[in-house]
Amino acid sequence: MSLSRRDGGEIEALITDRYLDSLLAIQSSPQLVGGPLGSDDSLSAAVRAVSLRLATDLPRFHPSFRFEERLALRLAEVAASMRLPVAAGAEGQVVPFREVRPGSPDPLRPAGDEDDRDARPLLIGGAVAASALSLAGAWLAWRRRTSPMARAIRAAHSMGQPGGGV
Amino acid sequence: MWRSGAAKDAVPRIAHLDRDRPLVEAAQRDPARFDALYRRYLARVYSYAYYELGDHHAAEDATEATFVSALTNLHRFEERARPADGEGASTFRVWLFQIARNEVAGERRRARRRPVQPIGETVVVDPLDIEAEAVRRDEARAAWQALGRLPGERRQAMVLRFVDELSTAEIAGVLGRSEGAVRVLIHRALKSVARDMGVSKRSGDGRGSAS
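In order, the protein sequence lines correspond to chains A and B.
Here our numbering is used: the first residue of the first sequence is -9, the next is one more, and so on.
Here our numbering is used: the first residue of the second sequence is 793, the next is one more, and so on.
Hints in this document: simulated from the structure, not taken from any laboratory.
Heads up, the beta-carbon is just placed ideally off N, CA and C, and yes, glycines get one too.
Nothing false has been slipped in among the hints.
Residues from chain A that face chain B, not an exhaustive set, calculated with beta carbons under 10 Å: (1) Leu10; (2) Ala45; (3) Leu61.
Let the sequences and hints guide you as you build the complete structure.
Okay, here's the thing in structure tokens:
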């Protein structure tokens, strides 16, 4: 194909393209109907006629409403699953603790549960205070709950006499 | 208003605006907002798939796969609009139809592997037989049949141009061709359809002796 012939074809294609731009703009905008539609004589009448016909006659199909809603639901599910990792991680999010004033009952504690206070696991964040309380409690318990025999042994130790000397 | 000279050069050019940009950005922030894009493009993607596959169920499958793929990969989408793409062009739309084109090709391959009924060699099955209640005009049937006899890329370019109303630049993006190549593709397709439909060179109304 010669260069001039090829260029001629491209120019013709360009003119057709411009014509289609105006034609489709008119088709999609009713207010433009009746407006100027590129009356370039260099455009083949057959191309012009078939373009008009295709623009008018080729329908755009729409799927059924049932399909549309079913797919919308599926997309919503996919979208929800995409959002889930963000919600589950929640890194860096500060969770406010409810303020508990001295003397007020522990709101998290079930009724009739007064006796097992020390047995409850402690939340992270109260660990330091809990440790101190636990040591003090253990010391008191050791002091109070030792048997008479144990107290005798301890007294003997304090006197510095192995075997007692009593 | 633009000023001339250096002042004009100092002002940055207004970037080309993708008409879908606000919806795309909203959906990228929150996938639940993808619904707006889905509703906007459902009929277009479905039509493209329907014209290409000629089967209602196959078109639905391709449409579903297209939108699910678009949603799950939306975070990868980057707008690459150029001023040359024209006013109102959408790179999202190009991206979406690229996905649709791949899904339609996949659907076609699957149909070949498990043909339910003989498939025409290059002729797309006429969906107007199914949609006869909706589209009764013989002209539409003739136009459809003429389009269906075109070879693959010409037919795709014609459907994208006339049914989905994409610009030449957008079609070039979808097909992976240059704009000039798409213009020639469409021009030749029109001449071919005109011959096929019996639209004569002297025809004024385009209502030639259609088959």
